[in-house]
Amino acid sequence: MKCEHCDIVERKSKADILYEDDEVVVAIKDLAMTPGQITVFPKEHFTILEVVPEEILEKCSLIANKIGIAVFESLGSQGTNIIIQNGLGAGQKVPHFAIEVVPRVENDGLGLQWDAKQLAEDEMATVFMTLEQGMKELDSSAEAEKTKGKDETGKDKKNSKEDDKNNYLLKSLKKIP
Amino acid sequence: MYLFMDPQQLTPEQQKEMEEKLKNMSPEELMEFQKQQCIFCQIISGKIPAKKIYEDDKVLAILDINPAAKGHILLLPKEHYAIMPQIPEKEVGEMFIVAKKMSKLLLKAIKVSGTNIFIANGLVAGQKAQHFMIHIIPRKEDDGILEVEEKLTDQEMRTKVKSLIENKFNELMGVKKEVLQVESSDEEVKEVEELEEPEEIKETKKPAKKVKKKAVKKKGKRENKEKVEEEKPEKESDDKDDDDDDDGGNASLDDIANLFK
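Here the protein sequences come in this chain order: A and B. Residue numbers for the first sequence follow this note's numbering, beginning at 1442 and rising by one. Residue numbers for the second sequence follow this note's numbering, beginning at 534 and rising by one.
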């Protein structure tokens, strides 16, 4: 499968690489929301946030934070947005998880907003109940995995297998030409 | 979105008094004042009720009362920080791991086709409250949330951005790599890379290159003295660094924006 971020790693892309180690790559891509936008992504091909291992995610986030600081201090930006587009419906265009660091200045004309909704009390309560219930299920499935998978490697394999199976997001991403 | 404090509720005299008070405060006092005024700190301390989705000793995740979409979650550090650069590294990492968990929750519990993890640092970035937060927003196609257009940037612009950011970033990463920007009309950028292998091996392996590298380094230093001197060990105040940038003749983001097609 063709992946724009894997292409960057393999030097098959026009993007400039700002930093690279065994796990994380920082690149300046030719397509950007605003000049100075910097993309931080894991070297290994993970499609969405949910399948990125915690230690890799942690490392990506720390590097994105440092990029944010460097952008503040070196580009003279007045603010930054840190964005993860997770899934096709969320604007993800490359099927390879990434954190975007977007430098901002006044009146730069970037949208990046939303209309705040005023939900009725009962709507809020319904959403809250749904999420509360979902949280319990997440916790219990995590608990079940802990007790089942005793050795570390076995557990990991299981996790990724489960994610692959259940995540329709993943499937839809794979359809990207 | 919760608002930090509504200045319109104050009379003009009160506003003036407030401004005066804020002006005379030390950064520490200001921080303390912000904490007292911060709605999110009051939510964290339990003074204001909120719909809590997740809580541990460092963070709290709640439902946004004015959401972008049903299920919009705000993830807050319990400590009061205004922007991300103020947060200790360890906590940043922990917050992203909880954000992943929240995103997973939204994908499983609500039928959505994606999530956005969104952070705004600073007013111009759309930050509305004085308390740092990570938004986890459930998304559906064409819902009009966080719409943005991507444009093509040119190589010259990307090279410029790279050279401007690289030194500061490497310094923050503790990477031994020095980029010297030689001021010339065609904006040529020379890179001096410290290879990761030990010094001795490098010398025996590549004696010629080493000499050449030193020469380049010296030349760069002479021609752009300010730039090299600017590399100080740790973070200075933002204002100071901005001044340095101007003195060094570096392009501002506005300049870069002008190159944008």
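Hints in this document: simulated from the structure, not taken from any laboratory. Wrong hints could be hidden among the right ones.
[What the hints assert, rightly or not] Derived EDC-like pairs: lysine to aspartate or glutamate, alpha-carbon spacing no greater than 16 Å straight-line: (1) A:Lys1577 with B:Glu622; (2) B:Lys641 with A:Glu1578; (3) B:Lys637 with A:Glu1495; (4) B:Lys695 with A:Glu1461; (5) B:Lys591 with B:Glu612; (6) A:Lys1534 with B:Glu689; (7) B:Lys695 with A:Glu1584; (8) B:Lys661 with A:Asp1556; (9) B:Lys603 with A:Glu1495; (10) A:Lys1500 with B:Glu622; (11) A:Lys1534 with B:Glu682; (12) A:Lys1534 with B:Glu683; (13) B:Lys637 with A:Asp1556; (14) B:Lys684 with A:Asp1556; (15) A:Lys1455 with B:Glu689.
Checked hints:
1. A C-alpha spacing of about 29 Å is found between Lys1577 (chain A) and Glu622 (chain B), which places the hinted pair above 16 Å, so the restraint is violated.
2. Between Lys641 (chain B) and Glu1578 (chain A), the direct Cα distance comes to roughly 10 Å. Compliance with the 16 Å bound is thereby established for this hinted pair.
3. With a CA separation close to 13 Å, the supplied pair Lys637 (chain B) and Glu1495 (chain A) stays within the 16 Å bound.
4. For the suggested pair Lys695 (chain B) and Glu1461 (chain A), the alpha carbons sit about 13 Å apart, so the restraint of at most 16 Å is met.
5. Of the supplied pair hints, the one linking Lys591 (chain B) and Glu612 (chain B) holds, its CA atoms being roughly 7 Å apart against a limit of 16 Å.
6. A hinted pair counts as satisfied when its Cα atoms are at most 16 Å apart, and Lys1534 (chain A) with Glu689 (chain B) does not qualify at roughly 24 Å.
7. A threshold of 16 Å between alpha carbons decides the hint, and for Lys695 (chain B) with Glu1584 (chain A) the separation of about 45 Å lies outside it, so the pair is violated.
8. For the hint linking Lys661 (chain B) to Asp1556 (chain A), the alpha-carbon distance of about 13 Å falls within 16 Å, and the restraint holds.
9. Between Lys603 (chain B) and Glu1495 (chain A), the direct Cα distance comes to roughly 27 Å. Violation of the 16 Å bound is thereby established for this hinted pair.
10. Using a Cα cut-off of 16 Å, the hinted pair Lys1500 (chain A) and Glu622 (chain B) holds, with the two alpha carbons roughly 10 Å apart.
11. Between the alpha carbons of Lys1534 (chain A) and Glu682 (chain B) the distance comes to roughly 12 Å, so the proposed pair stays at or under 16 Å and holds.
12. Pair hint Lys1534 (chain A) plus Glu683 (chain B) holds up; C-alpha atoms about 11 Å apart against a cutoff of 16 Å.
13. Simply put, Lys637 (chain B) and Asp1556 (chain A) have alpha-carbon atoms about 24 Å apart, too far for the 16 Å limit, and the pair is violated.
14. Restraint check for Lys684 (chain B) and Asp1556 (chain A): the C-alpha separation of about 24 Å exceeds 16 Å, so the hint is violated.
15. Distance check on the hinted pair: Lys1455 (chain A) and Glu689 (chain B) sit about 12 Å apart at the alpha-carbon level, within 16 Å; holds.
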